[in-house]
Structures are given as structure tokens and as C-alpha cells.
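Protein chains in written order, with numbering that gives the first Met the number 0: chain A, 0 to 101; chain B, 0 to 486.
None of these hints come from the bench; they were simulated from the model.
One should not assume that every hint holds.
As the list claims (entries may be wrong) - Over the 12 Å line for every Cβ pair with chain B, so calculated as not near, a few chain A residues: (1) Asp64; (2) Pro66; (3) Gly84.
As the list claims (entries may be wrong) - Derived lysine-lysine pairs resembling DSS-like cross-links, with alpha carbons at most 30 Å apart: (4) Lys380(B) <-> Lys9(A); (5) Lys265(B) <-> Lys9(A); (6) Lys336(B) <-> Lys12(A); (7) Lys465(B) <-> Lys386(B); (8) Lys12(A) <-> Lys94(B); (9) Lys414(B) <-> Lys265(B); (10) Lys380(B) <-> Lys12(A).
Because the structure is a prediction, the values reported are computed rather than measured.
Ideal Cβ positions, reconstructed from N, Cα and C, are used throughout, including at glycine.
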Amino acid sequence: MSLSLDDVRKVAKLARLDMPEADLARMQVQLSAILDYIDQLNQLDTDGVEPLAHPLPVRNVFRPDEPTPSLPVDAALQNAPSRVGDYFGVPAVFDTDEPVSH
Amino acid sequence: MSLIEKTATELLALQAEGKASALEIADAFLAASAAREPKLKSFMLAPDADAVRTRAKAIDAARAKGEPLGKLAGVPVAVKDVLCTKGIRTTCSSKMLENFVPPYDAHAVERLKTEGAIIFGKTNMDEFAMGSSTENSAYHTTRNPWDTTRVPGGSSGGSAAAVAGCQAPLSLGTDTGGSIRQPAALCGIVGMKPTYGRVSRYGLIAFASSLDQVGPFAHDVTDCALMMEAIAGHDKRDSTSVNESVPAYTRTVNDPVKGLRIGVPKEFFGQGLDAEVEASVRAALKEYEKLGATLVDVSLPHSPYALAVYYIVAPAEASSNLARFDGMHYGHRTATKGDLIATYSKSRGEGFGPEVQRRIILGTYVLSSGYKDAYYLKALKVRRLVKKDFDDTFATCDVVMGPTTPTAAFKAGEKSDDPLALYLSDVYTVSCNLAGIPGLSIPCGFTKTGLPIGLQLLGTPFAEEKLLRVARMYEAATDWHTKRPVV
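For reference, chain B alone in the conformation it holds in the complex (with noise of 0.2 Å):
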């Protein structure tokens, strides 16, 4: 196996016995990245190699002196371009933010930093992260590694493509209403959702401040438990981040979880889910049953509406969100001369794309006078009821089970007319973020064409720790982490 198909935790342990240096994984990663990136486009700006190369041979030295090195020392990271980067363009895929270069770093970016961890480019997204395959980008569509006519997923698209494409052992990615968990399923990797609050989203451009969370890709549950272990912590940036301890995840992801119950809601397996999903996914149910685990028929009855309710959450949060981008203190300016409110209109309606103006639209609407309390006020109601469903039922379960995505990758421009069906795809994810709580996806298989398909876990607030535990259990009794498409 080539440097660039093993996990971060491989290429530590190569590091550490002197069998690779950071510069060979870094020199590795820059070849496959570049070599790849024509058929994959995952970057929006593609790593520096100087920058790289001069970042590994610091972590060289250090080895070589003996000095302390972080949890992710040498190991390239793709980061989604929606956390800020220092001195590095930052751009959320938007005409809006072309030319925009963060004058700090995101909280997760810092942390990777301090650990150790090269930052290795910026990856594509859906523009401002509204979008579920990567097309909405302003710039360039990602491909799916395992079918390079199909979609990524998103809106961490590109940095899904990075990890499953081999184009870097790990990513940064943020989860809104399923940004990381269903590209991770679409492209056969591992990403995790933590819970609200577990990481800072300091200088994370905000889409909907009470959903987005930060979050790691990776090939398996223990680079994810690695990442975790990283970005996890309380930031007083970040007023809403916890001030919870972060359990070492990497020391306890193979302790399996005794007399595990696990919660199955009828929900999830309805109308809409694709035939080859739903079997891989029962026999990933049943593997579990032989690991001893005990399923249980839950129901979530608030579920099927979870969706209409982030469409107004969402856009709501979003609407308020973009208002900063004004034209004013940073971003697009538009060159046409006028008052200050036709400076404000104009720069945004050149700025932004269609599907960012469609939410800022929507989000007003639903906020504006006399719709208020028929939608937002409504929204925020079946809100408290989504979140009452997993409440009851973690009280009969350890985690709830189902298909991160009702199918696997489908073609790109296949949806991208028909914005209501692509909204669709997130159906099985958006109510762990309306709730708050964490949730992965791990690959659990693939259709008879090859394309991956993804086991969703959700669990009780702050229990990634268990979490992790559970998805590793899995992953120990099968091989679908090992699989890494040809590109």
C-alpha cells in the first residue's frame, strides 16, 4: 500500500519508527493531490508546496531533536474554505469572497496547528455551505472519487473528495444539516458531526449559527477519533462552546460497548429509500446483532418533518448570517457608482449565486412581518418536538441506527435544476442538528455500480466518546475502510 492510501495513524507510526519522514508523506501527498486534482477538482486552492515542504522539514527537525510533537504532527489536513485561514484566501466558494484573506485563524484550524498538522489547501464546497453535491459552487463542481460522473455529496464536498481521492489523509469539513455526514457516505469515509458545542466555530463563516458544527473526515472511526481529539475544547471565542472536558477518544475506540442497544426508527426506512441502501444498511444492523448489540424499534414521529423545518431555520439563520456581506468592510463591491442602498444591492446581487440568494430570500420571507409566527415561530415549535422524539427515545437506547442518505452518489446536474429534490437528500440528517446531538456516518458497503453507501450513528449530547466506541465496533468485524477507489 502507497504512502498515500494509509490512515493518519499509520503515517504516525511510520513517522515515529523512522520509516517515513513528514517530508516523504508531505512530498507523497502534494504528487497525488496534483496528479489527481484534474479529474477530481477538490480544491478551491490547491495546497502550497512550500509551505507544505517547509512545515514538514520543521517537523523533521523537531523529531530528530527530540522535542515534543503534537497528536497530528507531519499529517496534512485539507480544510473546507469556509474556516479561516491566516494569510490564506478563504473564499466559501463565493464571488462574494474572492479575494478575501482572513487576517486570523478558525479555533479548528488553530488547534490543528498546535498539534502539529500541516494544512494542506482549501477544499471545495457548496457556495456558504448551502448545497448537498458541491455544484453550487461558484467556481468548479467536485467529482465522487468512486465514479467521477457523479457528485460528491456536500456542501464539504471537496473536502470528502480529498480523503476518499487520497488527495490527503484527512479533512476538515462543517455539518449544517448533513454538509459532513452525507458527502462522507457518498464518497465510502467516515465523518462525524459533533455535538453543538463540542467544537468552536470561531472563525467559521457562519451559515446558521445554531446548527453548523465543525468536523472531521478520515479514511476510519480512529483518525476520526484522533481528529476529535484535536479540535474538541471550550474556546471563550465561541460563546456557545461547551466547557466540557475532551475524553481521549484514541484510548478507549476499541473498547467495545457492552449490551449495546441500539434504537431503529421506522422512520428512516419509509418511502424514498433506495432498495440497495436500505439492504446494506439492514445487514450492517444485523452484524451488530452478532456483536451481541440488541435492536430496538424505535419510532422519531416528529422526523418526516424535520426537513421543513430546517428549510425555515435555515435560511432564517442565514438571511440574518449574510447580512454583514455588504459590500462595505470586506468582500465584492460592485463597480456600479449609486447610493449606498443600490452599492448594498448590487454587490450582493453579483456577489452571491443563486442558491444563496434563493435562502437569503426564503430566510426573509419567513422572518418578514406577518409571516413570522406561521413560519419561523411554527418551525421552531415542531423544533422543540423533533428534539423531545430523541430525548424518549435515548431513554430505550444507547444510539438510533439508520442510512446516512436515502441513495447513494447520484450524477452531477442530475438534481441541480430542481432545488426542492436535492433538499431531499438530507432528509435522514438534518434532525441531529435540529437537536443538537452527534452523529457520524461510516461506509457500510456498496451498490451492485460500485458506489459507496453510509451507516448513520446518532447518540445523546457530549457521547461522542461512545459513539466512536459503537462505529468502531463495526468497522473492526468488516473491511469497507480499507476500500479505496481508482482515480
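Okay, chain A solo, but in the shape it has when bound (with noise of 0.2 Å):
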């Protein structure tokens, strides 16, 4: 097994991911599998190749700094789980209170 449950379980939380422990271990055993498949990479000898993030050019793209209409707070705000007033509900950063929500 390449990753250990430790690995997966710490790498879930890095993500974000609330998982059940059932689901940490099936991750384990499928994720190893797609690691020791990716292994394969280490028989070639990249030494001095210059990596490759973009498949053509890339460039900065710059425009005048105009001000153009934005999205109306409306339509902004449509899709928010939790509205309050032109804001959007989420819950308290520093402490456990309970989530805003209307």
C-alpha cells in the first residue's frame, strides 16, 4: 500500500472532506492502486527537461482599468445557501455559534 489510512485521513482534512472511516479505508485501497500505476513515471529520466503547466504560450493579457457594470447583487446573490440582507449568511469564523441563516 503506497498511502497509509494516516495519509489519507490527513490529506481528507487538508481537502476539506468530511468522509466516513469506511469510505478513508476504500480510498486507501483505490488510491494506492492509481499511485503504484503512476510509479511508472519514475523509469523515465526527466533530468534538465523543463516542466510543461500550459500546452501552448501563455501570456499575460492585459485591458484598460474601465469600470464596467458588474453582476447586480440580485442575480449575485441568487444561489446563496444563506441570504442576509445584500450579504451572504455564512456562519461564525472564530467561534461554534450556530450559522446565520433565514
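Got two chains here, each in a separate frame; can you build the complex from them with the hints?
The following block contains the structure:
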């Protein structure tokens, strides 16, 4: 197994994914198989090869800094799980008070 | 031949000749899509009959008045549910976006509307475009119109099944590692992944941003060219969309390429390739020789590593892109009360299905401290080698050809417990995305049991025009593209 159960638990936490213990164990088996497959890349000597992050040359694209109309507030909030006035309602960040909801 | 079996080009001609109205066409497809839906389940959201008919009537009225009409006037086009449609629910076949209604249209959707197309429902897909069978939809599994016990491929399986099953004459899909070409091959139709940057990704819900492209499904190459004309071109809202003029693909599609040199990579004919698929593809290559083309033996030595590169790069980009689904601004938010971190984790744990979670964890792992160089950086270096293989190969030939998929359509459920086995169905398609080059799949035969087989054509960046002409040469000499399944 190239991944331990603890590895999977730690990465799930980093990725902000709440997962039942049984799912973590299944994930460990499946991800280990995938990582074993991926390990074939180590057969290749890539010393001195430039990494390629993008298939085509990409450059910064600039535009004049001119204000244009943005999404109206109602359109921006239409999919909000919780709306408070003209704001998104979210749970408290620094304590465990109940989330604001309407 | 009934209206629903016709190509978009034929439907446009019928309207121009006054032999069918846009409304008659719309009604024919509304009836067929509804009647066939229980068997195929192509749609996430069925076409809205009232909206479709209203739009069709408006096209007919504009035609009667002699007003200018778009390239796709009165032609229904189904849209993969990963593309935002203003005011129409867009779910990515995920519980995460079950109730998401976009406030704007994706660029490709906007272009279709401008050209007079009628948006015709949202099609089912693997959740967030992650999968090769459409079985990862959080809602239902789409079936292959040629054999409803089999999958249509994926992730754009709904869009492929809708066209193959004559529920719509055209559709839009997206291709990150083969998600247009693989289902096109398995469903016996034409599907094209354009060059990276050819079609704007604005309004496409991102999976892997350096690989994703929007592209068409169609019954034949001419219709594919027509769709490309409509959706390709620069859009300032996507800074990776390339500012190059769009050729009039339909005007040249019937011009054969003289002195055509076809590269045949030995790596595409190795272990794992089904004998019937190989025989059909070899026969197609022979047909090209008869048409005057020269076959050139070539090698893409790093292509056997492309899938491993893909399963690092795509999950890495996905883990970053999907971080936006935090239950705060839109999408699913857990009903369990808790602090901010708990709300994020619960919302994401509940909203994402197993394959999406698998890829987020894989992507987070390969980008995490201590592993980034060994996995992500290594993958980017091999990606350079995969691209260089193509650069070297295209110095000796115009196009590269091979099978689109190693096998024809597999049974539903056959590979759903083994993610790696399923990943291998993309073994011939992923290198094209890594290199950013255009590719398409065209039908080139059937297995003895009547399942379609696809021929993959790959070209140089922005050579879609040539690729379509080359595809049309074969199509003009064969009749696979005229076959329709009995649904």
C-alpha cells in the first residue's frame, strides 16, 4: 500500500472533505492502486526537462482599467445557500455560534 | 428518413426550401426525445417544450419576414450540463449544484443562440466531467443507443447518446482527457476536441483548466464543421482563448487533402487493443491509402506514460478548481450546524460523489508538501516529452491516426468498482489534451455484435480545418455515418 490510512485521513482534512471511516479505507486501497500505476513515470529520466504547465504559450492579458457593470446584487445572491440582506449568510468564523440563516 | 434522423445541414436545407418549418422540426425532436428518454436517459434536464416551441416560432417568423438568420437557425442543440445556461438549472450532474441556476450563459451557449440554434435540454454526464461511462452522474446512468445494456462512454455520455439516439441533431460536450472523442466513438458519431484555446471556456464549470475544451457532437463531419464555425473564436472573458481568425470550415470541408501523409503510431496498436477495433481501424487506414494517402510508421514513445501524467495533472488542477465549492456562495450547504471548517467539510463531503472525492484527494496529495516534486513536477516534465513527441511526429506527417478507444462500449456496471480499469479506456485520448492539439473521432465500423468503433484523428494546433477535410475524405467514401440505431 503506497498510502497509509493516516495519509488519506490527513489529505481528506487538507481538502476539507468530511468522510466516513469506511470510505477512507476504500479510498486508501483505490488511491494506492492509482499511485502504483503513476509510479511508472519514475522509469523515465527527466533530468534537464523543463516542466510544461500549459500546452500553448500563455501570456498575461491586459485590458484598460475601466469600470464596467458587474453582476447585479440579486443575480449574484440568487444561488446563495443563505442570504442576509445584500450579503451571503455564513457561519461564524471564530467561534461555534449557530450559522446565520433566514 | 424521418426528420429526427436527419443531419443539421439537411434540416437547414429543408427550412430554406420551405419543406419543413423550425416548429415542425422542434416538435419532431420534442416527441422523439421524450419517447426515447426512458430507455436512454440522456438528459439531466429535458428540453423545455414551451421555450423550444416559442423559439422555433420566432425563427419561422423571422424567416417569413426575410430577416437575416444564423448558421444554425431552427436547429435544436442539446448542451452538456457542465456549461452554464442563463436561467436554466446547471448541475454538473452533482448534488453539489442540484439547485444552481446560472446568472449568465457560457460563451459557447451564447454563440449558439446568436446563430439561431434552439437550446434543447441539458445532458447527463459524469459528475463534474470526471469519468468515462456517465455512471458517475449523481442522478442516473445514460445508456448507449446501440445497446441499452451498455454505457455511452463519458464524461459527455448524455450529449453523445442524445445525438446518436436522434433526440437532438447536435450537442455540445467538453473534453478534458477524451470526454468528447471517447463517447463519440462508443456511440458511433462524430466528436471533436478543438485545439486548446480555440473555443472560449467562459461559463464552462472548470475541471482541469489546462486541459478542458468545449466541442461538438454531430452525425457527420459537415455538421461538426458547422458547429465549429459557430462556437470557435476569441472571447476576451477567457484569457486563454486565442485571438486567431476562424476559418469557414464548412466551405472547405469537401476539399480532399492532396498528398496526405498519415502518421500511424505503433504505441496506439499495442497490448489491450481489441482485435475487432484494430481490424476496423486498419481497414480505415487502407481506405485512406486507396484515396491516395501515404501511411507513415511513427512513434510517440512517451504516449504510454500519458495516462499516468493525466492522473496527476487533472486531479491536481481539479482539487484547486473545486475548492470554490465551499457551501458559502452557491451550491450545497450542510444542514448540520457547526463552525466554519466543519461546515466546509460536511458540505463538500455531502455534495461531492465518490469519484470527485477520489480525485480531489489524489490532487491534494500530489500537490502537498513533500510530494509535489515527486508527483506534480515529474508529471509536468513528462508532459513536455509527450508534447515534444507530437512536435517531432508532425514534422513527418499531416495527421496522426489510430483507434479512439481500446474497446467498443462496455456493459454498465462492468468497470464501476475499479477506477483504474475505467481510466484505461482513455489511454489513446489523453495525450491530445496534454499537448493541447485538436482531435476528433469519426465512426469507422461496427463489431460483430453491432457496437460502433471510432477512428481518432489528431492534428497540429489550430489545424481543425485540415483535420475536418481529412475526416470528410473517409466519410465521403464510406457510409458508417448514415447508420442510426433502432431505439
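Hints, one by one, checked against the model:
| no. | hint | verdict |
| --- | --- | --- |
| 1 | Asp64 | holds (14 Å) |
| 2 | Pro66 | holds (16 Å) |
| 3 | Gly84 | holds (15 Å) |
| 4 | Lys380(B) <-> Lys9(A) | holds (27 Å) |
| 5 | Lys265(B) <-> Lys9(A) | violated (42 Å) |
| 6 | Lys336(B) <-> Lys12(A) | holds (18 Å) |
| 7 | Lys465(B) <-> Lys386(B) | holds (20 Å) |
| 8 | Lys12(A) <-> Lys94(B) | holds (21 Å) |
| 9 | Lys414(B) <-> Lys265(B) | holds (27 Å) |
| 10 | Lys380(B) <-> Lys12(A) | holds (29 Å) |
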